Structure formats: C-alpha cells, structure tokens
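J.: Fit chain B to the known structure of chain A by using the hints.
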Amino acid sequence: MKIIAVLTSLAATALLLLPGCGKQQTAAHHLKVGVISGAEEQVAEVARQVAHDKFGLDVELVTFNDYVTPNAALADGSIDANAFQHKPFLDQQSKARGYHLVVVGRTFIYPIGAYSKRIHRLAELPDGATIAVPNDPTNLGRSLLLLERQGLIQLRPGAGINATVLDIATNPRKFKIVELEAPQLPRSLPDVDLAIINTTYASEIGLTPPKDGIFVEDSNSPYVNLIVAREDNHSAQSVTQFVQAYQSDEVLAAAQKIFQGGVVKGW
Amino acid sequence: MSLPVFFLLLNALWQTVLMVMVSGAASFLLGLPLGVLLVLTRPGQIQERPIFHRLLGLVINAGRSVPFIILMVALIPLTRLLVGTSIGTAAAIVPLSLGATPFVARLVEGALMEVPAGLVEAARAMGARPGQIVRKVLLPEALPGILNAATITLVTLVSYSAMAGVVGGGGLGDVGIRYGYQRFDAGVMAAVVVILILLVQTIQFFGDRLVRRVNHRA
Numbered sequence: 447m448k449i450i451a452v453l454t455s456l457a458a459t460a461l462l463l464l465p466g467c468g469k470q471q472t473a474a475h476h477l478k479v480g481v482i483s484g485a486e487e488q489v490a491e492v493a494r495q496v497a498h499d500k501f502g503l504d505v506e507l508v509t510f511n512d513y514v515t516p517n518a519a520l521a522d523g524s525i526d527a528n529a530f531q532h533k534p535f536l537d538q539q540s541k542a543r544g545y546h547l548v549v550v551g552r553t554f555i556y557p558i559g560a561y562s563k564r565i566h567r568l569a570e571l572p573d574g575a576t577i578a579v580p581n582d583p584t585n586l587g588r589s590l591l592l593l594e595r596q597g598l599i600q601l602r603p604g605a606g607i608n609a610t611v612l613d614i615a616t617n618p619r620k621f622k623i624v625e626l627e628a629p630q631l632p633r634s635l636p637d638v639d640l641a642i643i644n645t646t647y648a649s650e651i652g653l654t655p656p657k658d659g660i661f662v663e664d665s666n667s668p669y670v671n672l673i674v675a676r677e678d679n680h681s682a683q684s685v686t687q688f689v690q691a692y693q694s695d696e697v698l699a700a701a702q703k704i705f706q707g708g709v710v711k712g713w
Numbered sequence: 004m005s006l007p008v009f010f011l012l013l014n015a016l017w018q019t020v021l022m023v024m025v026s027g028a029a030s031f032l033l034g035l036p037l038g039v040l041l042v043l044t045r046p047g048q049i050q051e052r053p054i055f056h057r058l059l060g061l062v063i064n065a066g067r068s069v070p071f072i073i074l075m076v077a078l079i080p081l082t083r084l085l086v087g088t089s090i091g092t093a094a095a096i097v098p099l100s101l102g103a104t105p106f107v108a109r110l111v112e113g114a115l116m117e118v119p120a121g122l123v124e125a126a127r128a129m130g131a132r133p134g135q136i137v138r139k140v141l142l143p144e145a146l147p148g149i150l151n152a153a154t155i156t157l158v159t160l161v162s163y164s165a166m167a168g169v170v171g172g173g174g175l176g177d178v179g180i181r182y183g184y185q186r187f188d189a190g191v192m193a194a195v196v197v198i199l200i201l202l203v204q205t206i207q208f209f210g211d212r213l214v215r216r217v218n219h220r221a
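Sequences listed follow chains A and B, in order.
In terms of our numbering, the first sequence is residues 447 to 713.
In terms of our numbering, the second sequence is residues 4 to 221.
Hint data in this document are derived by calculation from the structure and do not stem from the laboratory.
Incorrect hints may appear among the rest.
[What the hints assert, rightly or not] Under the rule of at most 20 Å between Cα atoms (straight-line distance), these lysine to any residue pairs were calculated in the SDA-like manner:
no., chain 1, residue 1, chain 2, residue 2
1, A, Lys563, B, Pro80
2, A, Lys563, B, Gly87
3, A, Lys563, B, Leu84
4, A, Lys533, A, Tyr545
5, A, Lys622, B, Gly87
6, A, Lys541, B, Tyr184
7, A, Lys622, B, Val86
8, A, Lys622, B, Tyr184
9, A, Lys541, B, Phe187
10, A, Lys703, A, Leu536
11, A, Lys622, B, Pro7
12, A, Lys541, B, Met192
13, A, Lys620, B, Leu11
14, A, Lys533, B, Gln185
15, A, Lys622, B, Phe10
16, A, Lys620, B, Asn14
17, A, Lys620, A, Lys533
18, A, Lys620, B, Pro7
[To be verified] Chain B stretches covered by chain A per the calculated footprint, using a threshold of three residues with CB under 8 Å from any CB of chain A:
no., region
19, 5-13
20, 77-91
21, 166-176
[As the list claims (entries may be wrong)] A few chain A residues facing chain B, derived, Cβ under 10 Å:
no., residue
22, Glu506
23, Thr509
24, Tyr513
25, Pro534
26, Gln538
27, Arg543
28, Ala578
29, Thr610
30, Val611
31, Ser634
From a predicted model like this one, the values you see are computed outputs, not experimental measurements.
Don't be surprised by glycine CBs; every beta carbon is placed ideally from N, CA and C.
If we strip away everything but chain A, and leave its shape as in the complex, we get (with noise of 0.2 Å):
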C-alpha cells in the first residue's frame, strides 16, 4: 500500500518535472516545512527525524500561529513546503490570492467536532444554546456546514464550504452562534453550550472527537490535510523524500498517541 502510493507520488512528479525544468531553489539537503504550532508540529517533528534518518535530509520546521501566513510564506520563497492546510482551503486561498501552489501528499484528516461541558448528547441542547465556531473562512463553513447536517441550522442554498453566519437561512432553535479565533475555543469552553473546535486544538485539552464529541464530522472527509508545495520545486527529491517520510509508521504512531485516535491516516 506504501510502496504503491510512493511509487504513485514518484510517477507523478516525474511527469510534473518533464514540461518545465523551473528555477530550483531548494537545497538537496535542507528543506524548510511550514507548521502550525501545537501538536500538529509535533507530529511533523517526528517526520523530521524520520527525514533525517532515512534520507539524511535536513529538514527545518517553522511555526505559524494561523493559517494565511503559510501559503504566503511559502508562495513568497520563504519555506518550501507546508503541511497544515485540507483542499478546499488550499483552493480558496490559491483562488483569492493567485498563488500557483502543488499538493505533493496526503497526511492525515483531523476531523472537527463539536463538544460541550455542559451537555453528553445532542438531545439535551436548549433551545437559545450558545454555540461557540472557528471565526477563520474555512473553519466557520466547514462548522457551519456540520451544524447543518445535524439539522440544527439551514444554510442559503448554495452558500457552500464558504458559508458564514449571513448565510444562515433559518435559525427555528434560536441558536446563538459565536465566532471566536479557532485556537480561543478550547478555552471558551465553560461559557457556552456546544463548541466546534478543530482535533488540533481540541487535543491540547486532552479531547478526541471519537470519545468526547457529541458529534464529529464523517470519515469521509475532503479535509484530509496536505503537504503543498510550490510549482518550481515539488518534484524536487527533498520535497518527494519529506512527503515520505511523513507518510510513515513512525509518524502514523507518532500522530495516533499525540491525538489520542482522533486522527485518520489519509495516504
């Protein structure tokens, strides 16, 4: 399954190398990977060990706080890989800002999920319930979209992986929707009924989506997230090494005991 999947990514960027042979600005050994801070960054440390072990690569993990700096960073030069980010994001954001960036491979899917303090199951949210969603363009859709699906709120058709609270067609449960900065959930926690808060964050306070969700978004998820690269440098061999190894037992562990099961392998 590995084997196939790496032989796939090697196919792949051979065919991608062939029309353009782009400026290469990537050292064959030292590569700088994007992260978000937290968990996520440590699950990328053990990739960079992995890296290092396997290949003798160098790899470099620079921390971000939030999420539109990464593609910035790296559309601008300044690293050379990210991994952070699930596709309907990566579009968005390419669309909106121009940039020409290449998914070079899957990592894992963190599924968002929606918890609570003051209730054990859907059934017992109120009427009026206060509930708490990520504020940033992707998250709040990807929220608000989940609210739907339990039928608690009906989005304006059409409103997409984009939605925000205007989109919000009808309301009949009175609920009051709460946009907070996604890593500010986790906190907020004892002031509302229900939160929607990404497995990263919810993580830090030891919560994972199979046990302590009231409900959590499918399996089936087109959020699984990806390491992107630029145009000029994805089939560069330091990136095709990086991508495997982040694709490896050892980071496949390494994310089930961070997250504790909340995570599914997406290569």
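T.: What follows is chain B alone, placed relative to chain A:
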C-alpha cells in the same frame, strides 16, 4: 452593499464604540491614580519614595510589555469572574481596560510633569497638604494634558479593539480582519477603514475641543 452587511457594520461600530468608551473610562479610573502616584513618589517630589517609585515603574513597564493578545488569554479567569463569561464584547472590555491602564499611567505622569514646579512650590509654601496639591494644583493645571492623554488613549483603544475578535468581542477591526483580510472582500475592508477613520477623527475633534476649552495657559 447588501442589507445584512450594513447591519453587520452597524453592529460592529456599536461594539467598537462600546469597547472603546467603557475600557477608556475604566483604564482612566485605574491609570489616573497610578500616574499621580508615579509623579508624587518621584525623587525630588512632595511625597518622594524612590524605592516604591521604581517598583511601581517596573510593574507598569511589565504591564506594557505583555502582548495584548496574550494578555487577553491570560486574563480569562479574571474576565469570567468579573463579567461571567470569557467571550463576547463585555468580556473583551476587561483585558482592554487592564491593557490600557499602564499606558494611561505613563501618559498622565507625562502630563503632570508638565506642570511648572513653581506652582507646586507656591502651594506648598502656603501650607497646602499633598492631597490639596494634587486636587487643587496638579490635576487642574495638567487638565489639558490629561484630556489630551485621554484622546490618545481612546484612539489607541480603537486599534487595540481590533484584536477583540479573538474572544468573540466583535467590533470593526474584527469585521475588517475576517471579511476584508481573510475573505478578500475589498468592499467591506474599505467600509471598515472609512468608518474607523471617521471614528478616530471624531474622537480627536472632540478631544481637541475639550483641551482648548480647559486650557487657560494658551
């Protein structure tokens, strides 16, 4: 501009005004006495306490060094205690007030230092007690400077309040960041910037008018 966006902006303007005014008042309530203390305990002043003065200065500097976004998260337990929740506009007012307090203290200190030493000296020679000197000489004489400091504080709070979105405080800055910056909605971004410019101009206009009215030296 669609109607929902109009109401979004209107609501955000209200949230910003609320945050700026309440935290401005609160930070002055706390910062003004601190500024007075800083001046009185200064070496060579009427209540000199060099060690206390230095310690107070250290605490104030420490308060000014904490990045606002960290202060907001660090103060969550206190915020919950004071307003009952850690999220929302009221919750954002607590860190805004405490964040601005050391800033106000330094500005007030600066304003009080501008009062000619001779005036304090004269009051003292006439037998005024320290409390009287503060209330009847220092504060009235420094009033234009203090009102100027208040104007600067309010304008600074307008930009500080842009970070209130982190704790769901809303406000114009939050709308600008989330709809303008993150979603590349140039229309909303422009509207937010224009409203902010108007807001700051208004604050400065009334601040300047007040300063001119109380200034008897000019």
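J.: Does Leu536 (chain A) sit within 20 Å of Lys703 (chain A), going by the straight-line distance between their CA atoms?
T.: violated (27 Å)
J.: Double-check Arg543 (chain A) for me: the hint is only fine if its C-beta lies closer than 10 Å to a C-beta in chain B.
T.: Since chain B brings a Cβ to about 8 Å from Arg543 (chain A), closer than 10 Å, the hint holds.
J.: Does Pro534 (chain A) pass the interface hint, meaning its C-beta sits closer than 10 Å to a C-beta of chain B?
T.: This hint is violated: Pro534 (chain A) lies away from chain B, its Cβ roughly 14 Å from the closest one there, beyond 10 Å.
J.: With a cut-off of 20 Å on the C-alpha distance, tell me whether Lys620 (chain A) and Lys533 (chain A) pass.
T.: Violated, at roughly 32 Å.
J.: Measure nothing beyond the straight line between the CA atoms of Lys622 (chain A) and Pro7 (chain B); if it is 20 Å or shorter, mark the hint as holding.
T.: Holds, at about 17 Å.
J.: Minimum Cβ distance from Ser634 (chain A) to chain B below 10 Å?
T.: This interface hint holds because 5 Å falls under the 10 Å limit.
J.: Between the region 77-91 of chain B and chain A, see if three or more residues pass the 8 Å beta-carbon test, and mark the coverage as holds or violated.
T.: Our answer is that it holds, as 6 residues pass the Cβ test (under 8 Å) against chain A, meeting three.
J.: For the pair we were handed, Lys620 (chain A) and Leu11 (chain B), check the Cα-Cα distance against 20 Å.
T.: holds (18 Å)
J.: Do the alpha carbons of Lys622 (chain A) and Gly87 (chain B) lie within 20 Å of each other, as the hint requires?
T.: Holds. Lys622 (chain A) to Gly87 (chain B) sits at ~17 Å (cutoff 20 Å).
J.: Measure nothing beyond the straight line between the CA atoms of Lys622 (chain A) and Val86 (chain B); if it is 20 Å or shorter, mark the hint as holding.
T.: Distance ~18 Å between Lys622 (chain A) and Val86 (chain B) Cα, so the pair holds.
J.: For the pair supplied as a hint, Lys620 (chain A) and Pro7 (chain B), is the alpha-carbon distance within the 20 Å limit?
T.: This hinted pair holds, its Cα atoms lying about 18 Å apart.
J.: Given the hinted pair Lys622 (chain A) and Phe10 (chain B), is their Cα-Cα distance within 20 Å?
T.: holds (17 Å)
Consistency note: the structure conflicts with the earlier hints numbered 8, 10, 17, 22, 23, 25.
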